[in-house]
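Following the hints, complete the assembly by docking chain H onto the known chain Y.
There are 2 protein chains.
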Amino acid sequence: MLKFAPLVGFAMVTASIDERRFRRRFDEFSEIGATENGGVNRPSLSDENKEARDTLIEWFRDAGLTVRIDEMGNIFGRRSGMDSDADPVVFGSHIDSQYNGGRYDGVIGVLGGLEVVEALNDADETTERPLEVVAWSNEEGVRFQPDMLGSGVFCDIFDLDYAYEREDKDGDTFGEELERIGYKGDEPCEAHDIHCYFEMHVEQGPFLEREDLPVAAVEGVFGFSWMNVTFEGQANHAGPTPMNMRHDAFVATADVTDSVRRITATEGTDLVGTVGSVDVWPNAINVIPERVEFTVDFRSYDDEVVDAAVERIRNEIAHAAEREGLEYEFEEIMRIDADPFDQSCIDTVVDAAETVGCEYTRLVSGAGHDANYLNKIAPTSMIFVPSVDGISHRESEYTEWEDVVTGTEVLLEAVRSKATV
Amino acid sequence: MLKFAPLVGFAMVTASIDERRFRRRFDEFSEIGATENGGVNRPSLSDENKEARDTLIEWFRDAGLTVRIDEMGNIFGRRSGMDSDADPVVFGSHIDSQYNGGRYDGVIGVLGGLEVVEALNDADETTERPLEVVAWSNEEGVRFQPDMLGSGVFCDIFDLDYAYEREDKDGDTFGEELERIGYKGDEPCEAHDIHCYFEMHVEQGPFLEREDLPVAAVEGVFGFSWMNVTFEGQANHAGPTPMNMRHDAFVATADVTDSVRRITATEGTDLVGTVGSVDVWPNAINVIPERVEFTVDFRSYDDEVVDAAVERIRNEIAHAAEREGLEYEFEEIMRIDADPFDQSCIDTVVDAAETVGCEYTRLVSGAGHDANYLNKIAPTSMIFVPSVDGISHRESEYTEWEDVVTGTEVLLEAVRSKATV
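Residue numbers (the UniProt record's numbering), protein chains in the order written: chain Y, 1 to 421; chain H, 1 to 421.
Note that these hints are calculated values from the structure, not bench results.
Predicted model, so just to flag it, every value in this text is computed and none were measured.
Every residue gets a Cβ at the ideal spot worked out from N, C-alpha and C, and that includes glycine.
Fair warning: there could be bad hints in the mix.
Short, incomplete list of chain Y residues facing chain H, as computed with Cβ under 7 Å [stated by the list, open to error]: (1) T241; (2) G276; (3) G390.
Here chain Y stands alone, though its shape is the one from the complex (with noise of 0.2 Å):
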């Protein structure tokens, strides 16, 4: 421990990454819960997911953090700063994961955190601010619906009560789930005063890749349509059905999907669409299909190509139900506006990567993350580091270890420069 290293004259110790320490903490983490194929199955509130809170907590404190942790199992770890009544700067991201997920998905920023504290310990330095490590509960929406509920409760999006009451596919509550692992907190969730925020996450999209790139600075996130179509036409054979008489539900459904592309091609500069869940009624080789229900999902950093995206496929699914002569239902299910971060917290990223002489860019996020929400009630912004082949929610993510690390340099920099009073 360099905490105890003599000072030379003015020179500080300057705090640094211990690559090894950090590399060694995050292949035992990975060993907690981890699949077959070099991923990790820790779905919120599972008993993975417990072992690796524990695991959490212990490193926390053998780091000096004080713990606490609050009603919806939100873990905070934190370190005290010379400004004791200071708002603290606040870091971490999620340590739960998709069934059968990656790695490094949260678990970087949460580790990563863990790291910068254990780095200024190492350097002995104590910042004027106090910072606070989090882990917040249930990123992934994978067991519970919707995701980002810790975060959420947190920034009082969603009530606690809602929260609790959230089901699994077995019928357990998000809340008896929650008291099961041990981990429903006496701290209340809702929002303490805090100075700023940061999430360090993998990318989960190919540009930094691409670029070769090892980290971007997050400018804001997409907002998105989420739409439920449904067609309803009529189940006949496929044989003694003449074309000219035929309502084919997933034909109507494969016009939609071509428009979604062609819209994409011709709105804006940044908009992705995807048909992405498909079922199909009676889904047999010789029946016409009479029902098809499926998706659309319209995302860019422009919230009126998201809009005139839906209004335009809202157009093609009528035109293409009258073409086939089907009934058809449009419903919205989800709409949420482009979320642009702190101008500040961005602009300190960038100093961080330029403090670390590291190549990096700009980016927008095309998905929601934990940022989303906390950027609602203190400035905010986000690293990413490169998701290779842009890989994420699979066990095959994967992101170099020396990305990883120049990551949570930056990390390191920007906590540091915003945790002056």
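Just chain H now, kept in the frame of chain Y:
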């Protein structure tokens, strides 16, 4: 009973359908396995199928028919002819149903055949050739695949052991279940000499209703190709993955579905094409589809048209995969040639319609029937009656009773015409 009515001079009592008796039996039969929504649930070798068999045999015996049951549970009811050595005229269909299927499909061909016998009995008319009414086992193929299993073994398309080993989804075999319901008969299931075969059936398509005609003489059955296709791409997050870096298996499926329709519009004149079954993985609103498995069904009465369509869609599949950067698999899992019926039997049906004095047309069947297999061993044709809205295989399947009666009158005349030596 007109049986004992005295003949007056040379005027024969003309055999004619007793509409009310026929209707009464049809209604009583429809009670067996009746569903709440007006259909029947009598899948092959179910308890309800046994009850239907028991009832049929009772009625066969009441009508003076000699009942034989073969090793496949096919039920034959024989009426003697003046020439007991002559090959019989055989007519019938099937009494197994789809799960929650309709009341008419198959049943009208069997009960119609019984009514033909009753009409001849009423008129005390003995044909020169023996007559046999038949109910084939397992035509629908919903519980045990493949369909048309009873007629298939009879016509030496399938081995008896193969048929016995077919399993339902619970692992029960056709042989075990046939024995359980007491319908594994002693008579070998093999083709005996048959003079000709007629089958009255619902059209399962919309032509007759559209043309407002009660009856069609069926000239043959469409050939068809069944194909399984798999596209495999990459399941990335729908937000951060730009459109030009996607490998979306469902976009390619939509392309191919559009191609199926385009091919039917430009190849031949009677080609129909259907994408009926579609399964998407991981099937989530915010994940680009990684894998899609789907089916293509092409049918035409012109085998070259089917072959050309298969060749064209195979190319379209390859192009769609290349555009989207996907792996793909293509397999033609079944290819049945078009099956023209016997010209003399077709003419007999046409002449019978003329004799009855009803309007009629000639049709080619888009769906397969037991008659397809019978056509391989004996001169064969079919009689179609209308399906309202072209609907079959559903509880809402419906045919006007007067059309069923007209079809049965045509069947009677066709049978009488062919029953001469």
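How the hints compare with the structure:
no.	hint	result
1	T241	holds, 6 Å
2	G276	holds, 5 Å
3	G390	holds, 5 Å
Violated hints: none; the structure is consistent with every hint.
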